[in-house]
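Number of protein chains: 2
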Amino acid sequence: MTGAARLYHFALDPASRQARLALAEKGAAFEPVPASPWEADSALAALNPAGLPPVLEHEDEGGMLRICGSRAILEYLEEISPEPALLPGGPAERAETRRLIDWFDRKYDGEVNAWLLHEKIEKRLQGLGAPDPAAIRAGRDALRWHLDYVGALLETREGLAGPRFSLADIAAAAHLSCADYLGEAPWDSCPPAKAWYQRIKCRPSFRAILADRLPGLAPADGYQDLDF
Amino acid sequence: MTGAARLYHFALDPASRQARLALAEKGAAFEPVPASPWEADSALAALNPAGLPPVLEHEDEGGMLRICGSRAILEYLEEISPEPALLPGGPAERAETRRLIDWFDRKYDGEVNAWLLHEKIEKRLQGLGAPDPAAIRAGRDALRWHLDYVGALLETREGLAGPRFSLADIAAAAHLSCADYLGEAPWDSCPPAKAWYQRIKCRPSFRAILADRLPGLAPADGYQDLDF
Numbered sequence: 104m105t106g107a108a109r110l111y112h113f114a115l116d117p118a119s120r121q122a123r124l125a126l127a128e129k130g131a132a133f134e135p136v137p138a139s140p141w142e143a144d145s146a147l148a149a150l151n152p153a154g155l156p157p158v159l160e161h162e163d164e165g166g167m168l169r170i171c172g173s174r175a176i177l178e179y180l181e182e183i184s185p186e187p188a189l190l191p192g193g194p195a196e197r198a199e200t201r202r203l204i205d206w207f208d209r210k211y212d213g214e215v216n217a218w219l220l221h222e223k224i225e226k227r228l229q230g231l232g233a234p235d236p237a238a239i240r241a242g243r244d245a246l247r248w249h250l251d252y253v254g255a256l257l258e259t260r261e262g263l264a265g266p267r268f269s270l271a272d273i274a275a276a277a278h279l280s281c282a283d284y285l286g287e288a289p290w291d292s293c294p295p296a297k298a299w300y301q302r303i304k305c306r307p308s309f310r311a312i313l314a315d316r317l318p319g320l321a322p323a324d325g326y327q328d329l330d331f
Numbered sequence: 104m105t106g107a108a109r110l111y112h113f114a115l116d117p118a119s120r121q122a123r124l125a126l127a128e129k130g131a132a133f134e135p136v137p138a139s140p141w142e143a144d145s146a147l148a149a150l151n152p153a154g155l156p157p158v159l160e161h162e163d164e165g166g167m168l169r170i171c172g173s174r175a176i177l178e179y180l181e182e183i184s185p186e187p188a189l190l191p192g193g194p195a196e197r198a199e200t201r202r203l204i205d206w207f208d209r210k211y212d213g214e215v216n217a218w219l220l221h222e223k224i225e226k227r228l229q230g231l232g233a234p235d236p237a238a239i240r241a242g243r244d245a246l247r248w249h250l251d252y253v254g255a256l257l258e259t260r261e262g263l264a265g266p267r268f269s270l271a272d273i274a275a276a277a278h279l280s281c282a283d284y285l286g287e288a289p290w291d292s293c294p295p296a297k298a299w300y301q302r303i304k305c306r307p308s309f310r311a312i313l314a315d316r317l318p319g320l321a322p323a324d325g326y327q328d329l330d331f
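In the order they appear, the protein sequences are chains A and B.
Sequential numbering from 104 applies to the first sequence in this note's numbering.
Sequential numbering from 104 applies to the second sequence in this note's numbering.
Think of the hints as simulated: they come from the structure by calculation, not from any bench.
Treat the hints with care, as some may be off.
Which copy is meant is left open, so a pair is good if it fits within one copy or across any two.
Derived pair list, reagent style SDA-like, types lysine to any residue, alpha-carbon separation capped at 20 Å [as the list claims (entries may be wrong)]:
{"id": "1", "residue 1": "K210", "residue 2": "A149"}
{"id": "2", "residue 1": "K129", "residue 2": "M104"}
{"id": "3", "residue 1": "K304", "residue 2": "S292"}
{"id": "4", "residue 1": "K297", "residue 2": "E164"}
{"id": "5", "residue 1": "K297", "residue 2": "G106"}
{"id": "6", "residue 1": "K129", "residue 2": "E287"}
{"id": "7", "residue 1": "K210", "residue 2": "A148"}
{"id": "8", "residue 1": "K297", "residue 2": "G286"}
{"id": "9", "residue 1": "K129", "residue 2": "C305"}
{"id": "10", "residue 1": "K226", "residue 2": "E181"}
{"id": "11", "residue 1": "K210", "residue 2": "P152"}
{"id": "12", "residue 1": "K226", "residue 2": "R267"}
{"id": "13", "residue 1": "K304", "residue 2": "P236"}
{"id": "14", "residue 1": "K210", "residue 2": "S139"}
{"id": "15", "residue 1": "K210", "residue 2": "W141"}
{"id": "16", "residue 1": "K210", "residue 2": "S145"}
{"id": "17", "residue 1": "K210", "residue 2": "L150"}
{"id": "18", "residue 1": "K297", "residue 2": "E196"}
{"id": "19", "residue 1": "K304", "residue 2": "E160"}
{"id": "20", "residue 1": "K210", "residue 2": "H221"}
{"id": "21", "residue 1": "K129", "residue 2": "A245"}
{"id": "22", "residue 1": "K129", "residue 2": "P289"}
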């Protein structure tokens, strides 16, 4: 990718992490700009009508392009910078990759993030009171099930969507790493998923993710360890 | 698109409608197979790990491919059948198209469908009791705001994402047409959105959508009228 790029992102936002990981995997230099969707004067509201991260600004000879949301950003990067391919393979593998991104962005998001991230991050940052233990339990139960699903996929594949690393791995790792920051990912309950996450953590693209620190909310033990 | 295709869909599911419209716009012959995610013996559970429509089965010389979810189906159709383009233009227009599909699939879905379709369709079909008036009001308020947003986009564009008809128009029409079936789309509050929907309704791809009838739940007056 040529030209200057700036990514507005929130550290523990799974969609932002997908964009950061994809940019890093493409070897694209970019300036990360922290932005919180909860701040009243958030730059995000002026950049993205949905008021959410991530937003990518990419400047090349044709001018400045602003791209909102991980769905648009991931496909854009693949179009303008096809190598290394993050939607590899033929139509079947690409369809499976997109099915799994959607699985994490909608199903996992509604069944896990809506409970765990909402209770433990959004409520804290927005001053909405103490976490609700029942909601946290619901998120934990769903997360265990999703981790088992990841394990089941890995029984026949090296990557989540097929033989190769793809945006499906990026999406899954982006979501699961947020739960892991909170100490909520029960890796030992699913050894194949744990081995997969260990491989992902070793990728250079993951270094910035592992260095994330949210003010007032330290990561759980093991979050940044490659051997956890 | 060559080969045989079968689409498992639910009539009032916005994701299914996106797939049906895209297939029709591509001029692809396909067998529509009604499938409800709520039936215990639903074929969907065996076809899509998420248990949701739409699922496209496409058979060509390479064998049978099964593609789950509108995100994967729309991109698949664009890859194997590029003309007529439903992701037209350059990277900017395509990114804007994907931003808007995501807007409807996530933001509109959570702010409108989660209230209106849940209260008026899911509850009814699953025997979950009477609709909650407060929930319906919340959905209606959000829908009015989303319609205004559509109107604002159309101030500078012929299509929702740019000068041309695209998957953004398909996504928006798929979602709004479900509210319209229920008589919940306040078209007269936003004349530009109404004029846009009138144009969409006249497209041959929309005929099957307008002919949909849910057993026990007739469409609102005007649903199928091109002049409403």
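Against the structure, the hints:
1. With identical chains, the CA atoms of K210 and A149 are at most 20 Å apart between copies only, with a shortest distance of 17 Å across copies and 29 Å within one.
2. Taking identical chains as interchangeable, the C-alpha atoms of K129 and M104 lie at most 20 Å apart only when both belong to the same chain, with a minimum of 8 Å there against 32 Å between chains.
3. Taking the shortest Cα distances, K304 and S292 sit within 20 Å of each other inside one copy (18 Å), while across copies they are farther apart (51 Å).
4. In the homo-oligomer, the alpha carbons of K297 and E164 never lie at most 20 Å apart, since the shortest distance is 43 Å inside one protomer and 38 Å across protomers.
5. Taking identical chains as interchangeable, the C-alpha atoms of K297 and G106 are never at most 20 Å apart, the minima being 37 Å within one chain and 41 Å between chains.
6. Taking the shortest alpha-carbon separations for K129 and E287, neither the intra-copy value of 29 Å nor the inter-copy value of 45 Å comes in at or below 20 Å.
7. In this assembly of identical chains, K210 and A148 lie within 20 Å of each other by CA distance solely across copies; the values are 15 Å between and 26 Å within a copy.
8. Taking the shortest alpha-carbon separations for K297 and G286, only the intra-copy value of 14 Å comes in at or below 20 Å, while the best inter-copy value is 49 Å.
9. Taking identical chains as interchangeable, the C-alpha atoms of K129 and C305 lie at most 20 Å apart only when both belong to the same chain, with a minimum of 16 Å there against 43 Å between chains.
10. In this assembly of identical chains, K226 and E181 lie within 20 Å of each other by CA distance neither inside one copy nor across copies; the values are 35 Å within and 41 Å between.
11. In the homo-oligomer, the alpha carbons of K210 and P152 lie at most 20 Å apart only across protomers (11 Å), although the nearest pairing inside one protomer, at 23 Å, exceeds that limit.
12. In the homo-oligomer, the alpha carbons of K226 and R267 never lie at most 20 Å apart, since the shortest distance is 38 Å inside one protomer and 42 Å across protomers.
13. In this assembly of identical chains, the alpha carbons of K304 and P236 never lie at most 20 Å apart, being 30 Å within a copy and 48 Å across copies at closest.
14. For a Cα distance limit of 20 Å, the shortest separation of K210 from S139 across copies, 18 Å, qualifies, whereas the shortest one inside one copy, 23 Å, does not.
15. In this homomeric assembly, K210 and W141 come within 20 Å of each other (Cα to Cα) only across copies, at 16 Å, whereas the closest approach inside a single copy is 23 Å.
16. With identical chains, the CA atoms of K210 and S145 are at most 20 Å apart between copies only, with a shortest distance of 19 Å across copies and 28 Å within one.
17. With identical chains, the CA atoms of K210 and L150 are at most 20 Å apart between copies only, with a shortest distance of 16 Å across copies and 27 Å within one.
18. Taking the closest pair of Cα atoms, K297 and E196 never come within 20 Å of each other, the shortest separation being 23 Å inside a single copy and 39 Å across copies.
19. Taking identical chains as interchangeable, the C-alpha atoms of K304 and E160 are never at most 20 Å apart, the minima being 27 Å within one chain and 36 Å between chains.
20. Taking the shortest alpha-carbon separations for K210 and H221, both the intra-copy value of 15 Å and the inter-copy value of 16 Å come in at or below 20 Å.
21. Proximity of K129 and A245 under a CA criterion of 20 Å is satisfied in neither setting, with 32 Å inside one chain copy and 38 Å between copies.
22. Taking the shortest alpha-carbon separations for K129 and P289, neither the intra-copy value of 30 Å nor the inter-copy value of 45 Å comes in at or below 20 Å.
Against the hints set out earlier in the document, violations occur for numbers 4, 5, 6, 10, 12, 13, 18, 19, 21, 22.
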